[in-house]
Amino acid sequence: MHPSPSVIIFTALSGLGFGLLAFLGLKMPDVTGVLAFIFFVIGFGLAVGGLISSTFHLGRPERSIKAFKQWRSSWLSREAITAVFALSVMAVYAIGRIFFDHDIRILGVAGAIMSIVTVFTTSMIYAQLKSIPRWNTKLTPAYFLSLSLAGGALLAAQIKICLLLLLISGIIQLLVWIKGDRALALSGTTIESGTGLGTIGRVRAFEPPHTGTNYLLKEFVHIVGRKHSAKLRLIALILMIGTPILLLSLSFSYFLAALSVISHIAGLFISRWLFFAEAEHVVGLYYGKR
Amino acid sequence: MTSLPDKTERKLGLVIDLDTCVGCHACVISCKGWNTENYGSPLADVDAYGENPVGTFLNRVHSYEVTPDEGTSQLVHFPKSCLHCEDAPCVTVCPTGASYKRSEDGIVLVNESDCIGCGLCAWACPYGAREMDGVEKVMKKCTLCVDRIYNENLEPEDQIPSCVRTCPAGARHFGDFNDPESHVNKLVLDRGGMDLMPEQQTKPVNKYLPPRPKDTLGEIDILAPLLKPVAEKPDTFIGWLNKQLDKI
Numbered sequence: 355m356h357p358s359p360s361v362i363i364f365t366a367l368s369g370l371g372f373g374l375l376a377f378l379g380l381k382m383p384d385v386t387g388v389l390a391f392i393f394f395v396i397g398f399g400l401a402v403g404g405l406i407s408s409t410f411h412l413g414r415p416e417r418s419i420k421a422f423k424q425w426r427s428s429w430l431s432r433e434a435i436t437a438v439f440a441l442s443v444m445a446v447y448a449i450g451r452i453f454f455d456h457d458i459r460i461l462g463v464a465g466a467i468m469s470i471v472t473v474f475t476t477s478m479i480y481a482q483l484k485s486i487p488r489w490n491t492k493l494t495p496a497y498f499l500s501l502s503l504a505g506g507a508l509l510a511a512q513i514k515i516c517l518l519l520l521l522i523s524g525i526i527q528l529l530v531w532i533k534g535d536r537a538l539a540l541s542g543t544t545i546e547s548g549t550g551l552g553t554i555g556r557v558r559a560f561e562p563p564h565t566g567t568n569y570l571l572k573e574f575v576h577i578v579g580r581k582h583s584a585k586l587r588l589i590a591l592i593l594m595i596g597t598p599i600l601l602l603s604l605s606f607s608y609f610l611a612a613l614s615v616i617s618h619i620a621g622l623f624i625s626r627w628l629f630f631a632e633a634e635h636v637v638g639l640y641y642g643k644r
Numbered sequence: 017m018t019s020l021p022d023k024t025e026r027k028l029g030l031v032i033d034l035d036t037c038v039g040c041h042a043c044v045i046s047c048k049g050w051n052t053e054n055y056g057s058p059l060a061d062v063d064a065y066g067e068n069p070v071g072t073f074l075n076r077v078h079s080y081e082v083t084p085d086e087g088t089s090q091l092v093h094f095p096k097s098c099l100h101c102e103d104a105p106c107v108t109v110c111p112t113g114a115s116y117k118r119s120e121d122g123i124v125l126v127n128e129s130d131c132i133g134c135g136l137c138a139w140a141c142p143y144g145a146r147e148m149d150g151v152e153k154v155m156k157k158c159t160l161c162v163d164r165i166y167n168e169n170l171e172p173e174d175q176i177p178s179c180v181r182t183c184p185a186g187a188r189h190f191g192d193f194n195d196p197e198s199h200v201n202k203l204v205l206d207r208g209g210m211d212l213m214p215e216q217q218t219k220p221v222n223k224y225l226p227p228r229p230k231d232t233l234g235e236i237d238i239l240a241p242l243l244k245p246v247a248e249k250p251d252t253f254i255g256w257l258n259k260q261l262d263k264i
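Chains as they are written, first to last, in this note's numbering: chain A, 355 to 644; chain B, 17 to 264.
These are calculated hints, taken from the structure and not from any lab test. Because the structure is a prediction, the values reported are computed rather than measured. Quick reminder that beta carbons are idealized off the backbone N, C-alpha and C, glycines included. Check the hints yourself; a few may be wrong.
[Unchecked claim] Derived lysine-lysine pairs resembling BS3-like cross-links, with alpha carbons at most 25 Å apart:
hint: 1; chain 1: B; residue 1: Lys27; chain 2: B; residue 2: Lys48
hint: 2; chain 1: A; residue 1: Lys381; chain 2: A; residue 2: Lys484
hint: 3; chain 1: B; residue 1: Lys48; chain 2: B; residue 2: Lys153
hint: 4; chain 1: B; residue 1: Lys230; chain 2: A; residue 2: Lys484
hint: 5; chain 1: B; residue 1: Lys48; chain 2: A; residue 2: Lys484
hint: 6; chain 1: A; residue 1: Lys484; chain 2: A; residue 2: Lys533
hint: 7; chain 1: B; residue 1: Lys219; chain 2: B; residue 2: Lys27
hint: 8; chain 1: A; residue 1: Lys514; chain 2: A; residue 2: Lys381
hint: 9; chain 1: B; residue 1: Lys219; chain 2: A; residue 2: Lys492
hint: 10; chain 1: A; residue 1: Lys492; chain 2: A; residue 2: Lys420
hint: 11; chain 1: B; residue 1: Lys230; chain 2: B; residue 2: Lys202
hint: 12; chain 1: B; residue 1: Lys202; chain 2: B; residue 2: Lys23
hint: 13; chain 1: B; residue 1: Lys202; chain 2: B; residue 2: Lys219
hint: 14; chain 1: A; residue 1: Lys581; chain 2: A; residue 2: Lys643
hint: 15; chain 1: B; residue 1: Lys48; chain 2: A; residue 2: Lys420
hint: 16; chain 1: A; residue 1: Lys423; chain 2: A; residue 2: Lys533
hint: 17; chain 1: B; residue 1: Lys202; chain 2: B; residue 2: Lys27
hint: 18; chain 1: A; residue 1: Lys484; chain 2: B; residue 2: Lys23
hint: 19; chain 1: A; residue 1: Lys585; chain 2: A; residue 2: Lys643
hint: 20; chain 1: A; residue 1: Lys423; chain 2: B; residue 2: Lys23
hint: 21; chain 1: A; residue 1: Lys572; chain 2: A; residue 2: Lys484
hint: 22; chain 1: B; residue 1: Lys153; chain 2: A; residue 2: Lys572
hint: 23; chain 1: A; residue 1: Lys423; chain 2: A; residue 2: Lys484
hint: 24; chain 1: A; residue 1: Lys514; chain 2: A; residue 2: Lys572
hint: 25; chain 1: B; residue 1: Lys48; chain 2: A; residue 2: Lys572
hint: 26; chain 1: B; residue 1: Lys219; chain 2: B; residue 2: Lys23
hint: 27; chain 1: A; residue 1: Lys423; chain 2: B; residue 2: Lys230
[To be verified] Computed footprint of chain B on chain A, listed as stretches where at least three residues anywhere in the stretch have a Cβ under 8 Å from a Cβ of chain B:
hint: 28; segment: 422 to 433
hint: 29; segment: 452 to 464
hint: 30; segment: 476 to 488
hint: 31; segment: 599 to 609
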């Protein structure tokens, strides 16, 4: 898949933002007033910033309001609705915490749950796609949720929970890569099944439909970046998981915490870039490019 | 509504004969022409006369080399367009309801004025049947020439999809798969019509007819004795020359 910056920024930032909002809704940390204001601004900034970024990959962003209609069948529509719902509930809760030192518990819990549900709906947009075997697995929601919560805990300065969640995220990330590398082969979709010519013999793409490129090749057949995938995986794991665990285990200081956050986010962007760049859409088989 | 209909009254679609297709790309051109001049926004070409021309097409012809375990390879031309699947994954993922499958005839269409150009339907399609238009930024796909097949202003023989009407080899057939007597159903039955990527569970309506097995020449009984080489080991001048050349 083409690793479009708008979608990478969207999934990474909104995941972090909703993760942080979930912890804030559960009074972790238990903050009010100015401190609460700062935490909520970061949470809303990341979540909303991510969502705004996602509209940049739309061909017709001016019509995006229409995306709220088809929640019965479409995960993208469900995501739009849960995101707005989660943000609205959290906004009311945040106003109470910041300005009135008042804790409307039910709204906090509801907002936290809705924030996590929003991240789940985002992950299902990708996990539902049979056409991309690497994503079509329960590991995709696990990958999005674990990283959202780990990043949220990191931003919310919940060190002990964060260490545990980072560890879990690291394990899930490794599973995503190990299982993902075999997903296309195990899916049973091949150039032979795609053309139906496998009963005659081995099939090889002889001549593409056009000498130039097209939308399908640009959007679905990204193979350039895979050359360095092993190195990038290691860098992502060190930055996203290893460094924060090491720094947070040493001793707590704002400097080390800030360093952990920067390292985690840098690693997260590489991990998310790989998530898209390494995903093989089966349409590439028709072009003999896989 | 992007939920799929339980069943459709008619099941219109194409049969594509891989045995007959000569790979001339006439269907590609007639499709591009008809769908640029008629229903919906035109199929754009970006940088058409420049270095990197890229265009929107609803139908593309690939060519594949197939090599059996024994015998020679063969070349198969392979036109590919929307298969109007019964379980169309492109429809259910659409957040706006722009993508839909008609309950009356099963045609999968895009309402372009509702399309936000998110591209998710093209992601969901395993066949690459949908392409985002480079100028209009909405999703384009085969309409089964919905503006021809019901168009009574056209001559009856023209009330079929443009690609079918154009094919000079007769490799494309249009009909109703819900009608057991339709010629498309008969073709599928007679020739072993097949689904593309059945494991993707999209239940495509369009079917492909596999190339017929190559015929083989049997032993020519009557003339064979007469055609036998006069001498198994030539001992004439040619034989002598052959030996001398081998020695060098």
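Hints versus structure:
1. B:Lys27 x B:Lys48: 24 Å, holds
2. A:Lys381 x A:Lys484: 39 Å, violated
3. B:Lys48 x B:Lys153: 17 Å, holds
4. B:Lys230 x A:Lys484: Distance of about 35 Å is beyond 25 Å: violated.
5. B:Lys48 x A:Lys484: 29 Å, violated
6. A:Lys484 x A:Lys533: 15 Å, holds
7. B:Lys219 x B:Lys27: 12 Å, holds
8. A:Lys514 x A:Lys381: Holds, because 15 Å separates the two Cα atoms, which is no more than 25 Å.
9. B:Lys219 x A:Lys492: Roughly 24 Å separates the two Cα atoms, so the pair holds.
10. A:Lys492 x A:Lys420: 29 Å, violated
11. B:Lys230 x B:Lys202: 22 Å, holds
12. B:Lys202 x B:Lys23: Between lysine 202 (chain B) and lysine 23 (chain B) the Cα gap is close to 21 Å, so the pair holds against 25 Å.
13. B:Lys202 x B:Lys219: Answer holds: lysine 202 (chain B) to lysine 219 (chain B) is near 19 Å, not above 25 Å.
14. A:Lys581 x A:Lys643: 14 Å, holds
15. B:Lys48 x A:Lys420: 29 Å, violated
16. A:Lys423 x A:Lys533: 35 Å, violated
17. B:Lys202 x B:Lys27: 15 Å, holds
18. A:Lys484 x B:Lys23: Holds, at roughly 22 Å.
19. A:Lys585 x A:Lys643: 22 Å, holds
20. A:Lys423 x B:Lys23: Given that 25 Å is the threshold and the Cα spacing comes to 23 Å, the pair holds.
21. A:Lys572 x A:Lys484: Measuring from Cα to Cα gives roughly 20 Å; hence the hint holds.
22. B:Lys153 x A:Lys572: Satisfied, since the Cα-Cα distance of roughly 15 Å is no more than 25 Å.
23. A:Lys423 x A:Lys484: 23 Å, holds
24. A:Lys514 x A:Lys572: Answer violated: lysine 514 (chain A) to lysine 572 (chain A) is near 43 Å, above 25 Å.
25. B:Lys48 x A:Lys572: At roughly 20 Å apart (the allowed maximum being 25 Å), lysine 572 (chain A) and lysine 48 (chain B) satisfy the hint.
26. B:Lys219 x B:Lys23: 12 Å, holds
27. A:Lys423 x B:Lys230: Distance of about 53 Å is beyond 25 Å: violated.
28. 422 to 433: Contact hint for the segment 422 to 433 of chain A vs chain B: holds, 9 residues under 8 Å.
29. 452 to 464: violated (count 0)
30. 476 to 488: Coverage by chain B holds here, the residue count being 6 at a Cβ distance below 8 Å.
31. 599 to 609: violated (count 0)
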